[in-house]
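Asks: Residues per chain, in single letters:
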Amino acid sequence: MLASLCGWLEKTPLSTFVQDAGWVIPLCQIVHILCLAAVMFSMLFLDVRVLTGAPRRVGVQALARRFLPPVWTAVPLMALSGAVLIIGEPRRDLLNPVFQLKMLLLVLALALTFALQKTIADASLARGDGGEASWATQITAGLSLITWLAIAVCGRFIAYFMG
Amino acid sequence: MSIATVANGLQGLAVARFVSQAPWAFPVVETVHVIAISLVVGSIAVVDLRLLGLWWRERPVVQVADELLPWTWAAFVVAAVAGGLMFISAAVKYVTDPPFQLKILLLVLAGVNMLVFHYGAYRRVADWAEGRTPRAAKIAASLSLAFWIAIVACGRMVSFTTQDQFGPPPSASASVKAPTAG
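For the record, the sequence lines run as chains C and A.
Using this note's numbering, the first residue of the first sequence is number 1, and each one after it goes up by one.
Using this note's numbering, the first residue of the second sequence is number 1001, and each one after it goes up by one.
In case anyone wonders, no lab produced these hints; they're calculated from the structure.
Keep in mind it's a predicted model, so treat the numbers as computed, not measured.
Accuracy of the hints is not assured; some may be wrong.
Partner residues are not named here, just some residues of chain C that face chain A (Cβ under 7 Å, in silico) [to be verified]:
no.	residue
1	I30
2	I33
3	L36
4	F41
5	R65
6	P69
7	L143
8	T147
9	A150
10	A152
11	V153
12	R156
13	Y160
Think of the CB as a built atom: it goes at the ideal place given N, C-alpha and C, for glycine as much as any other residue.
Throw the hints in and build the complete structure from the sequences for me.
Replies: Quick look at the structure:
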């Protein structure tokens, strides 16, 4: 079924345009990497601060308010640039086991990030300070850290696995 | 001793041959490089956007810089080591590759920009009034953002990836490609 979807996608005018115009794929990849910088740094910085549990001048709640919105902006941009790459080379991605794993991990990472945002907000409502993270928040942050890193690894390894 | 001789020597090192020949070595090093560079660019962008007054304005510049620049340096060391390993694995090819040459030039320019800023305007950072960043700092921040975006773009255009993206059509079974052959 996926293979026939690829066959259909490849023949769409949008796909042939992406295939013929040599600059579209590199441009989308550059946009994808720049957005990756926003997502990876924001998530790792927030996750590590939650995990080390050492509130400095700024509490976890303030950090979450500062660093999660760019993630929610960059992820749709990554989906868009990624979609163009898929349309241009559907077989390279959709039939690729590493790509499929990456998409599963992405669903998990988005759920974890949403959960992290919620537990940080709830905890700070309950205590009113937002300084230290609860153990539940710390576990969520740890899982989020591992999952986002795994997504980046999968992203690079797509190029080395051809389905 | 010419650059080509040096490149040839580097490429002959045991560690360089390991990266170019061992299965998985290049993809693993490349993945580490991409993750590290994403942290370098992400953390630098936060500081630059704060200098431009577009981000995290409720905190003084000096606090933002003190908190984020250790991340930048740690990630930069990792990115440089991984990048160096990729470079020596095919040094002869890279030294003549225009995107690679431009990338190194841009790295030098980004470094000079950082030094001029650090030993210039930044020395009086404690005196910067609330929300008032001097023009020199804003120029340095704009240049820094431009250089790093261009460095990422050049990194993508370095010719090792073209082999991945525009190579032969995928075969029926999963296979590992060696993008550094040559």
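Asks: Can we keep the R65(C) interface hint, with Cβ of chain A closer than 7 Å?
Replies: Interface hint status for R65(C): violated (10 Å vs cutoff 7 Å).
Asks: Measuring from the C-beta of A152(C) to each C-beta in chain A, is the shortest one below 7 Å?
Replies: holds, 5 Å
Asks: A closest beta-carbon separation below 7 Å is what the hint needs, so does I33(C) meet it against chain A?
Replies: holds, 5 Å
Asks: Please check whether I30(C) passes as an interface residue: C-beta within 7 Å of a C-beta belonging to chain A.
Replies: holds, 5 Å
Asks: Verify the interface restraint on A150(C): the C-beta must sit less than 7 Å from at least one C-beta of chain A.
Replies: violated, 11 Å
Asks: Could you check if L143(C) really has its C-beta closer than 7 Å to a C-beta on chain A?
Replies: violated, 18 Å
Asks: With 7 Å as the cut and Cβ atoms as the points, is V153(C) at the interface with chain A?
Replies: holds, 5 Å
Asks: Does the interface hint hold: is T147(C) within less than 7 Å of chain A, judged Cβ to Cβ?
Replies: violated, 14 Å
Asks: P69(C) was flagged as interface toward chain A. Is the shortest Cβ-Cβ separation under 7 Å?
Replies: This hint is violated: P69(C) lies away from chain A, its Cβ roughly 11 Å from the closest one there, beyond 7 Å.
Asks: The hint names Y160(C) as touching chain A; please verify it with the least Cβ-Cβ distance against 7 Å.
Replies: For Y160(C), the interface hint holds, since the closest Cβ of chain A sits about 5 Å away, which is under 7 Å.
Asks: Does F41(C) meet its interface restraint, that is, does its C-beta lie within less than 7 Å of any C-beta in chain A?
Replies: holds, 2 Å
Asks: Answer holds if the nearest beta-carbon of chain A is closer than 7 Å to that of R156(C); otherwise answer violated.
Replies: With a closest approach of 4 Å, the R156(C) hint holds.
The earlier numbered hints that this structure contradicts are 5, 6, 7, 8 and 9.
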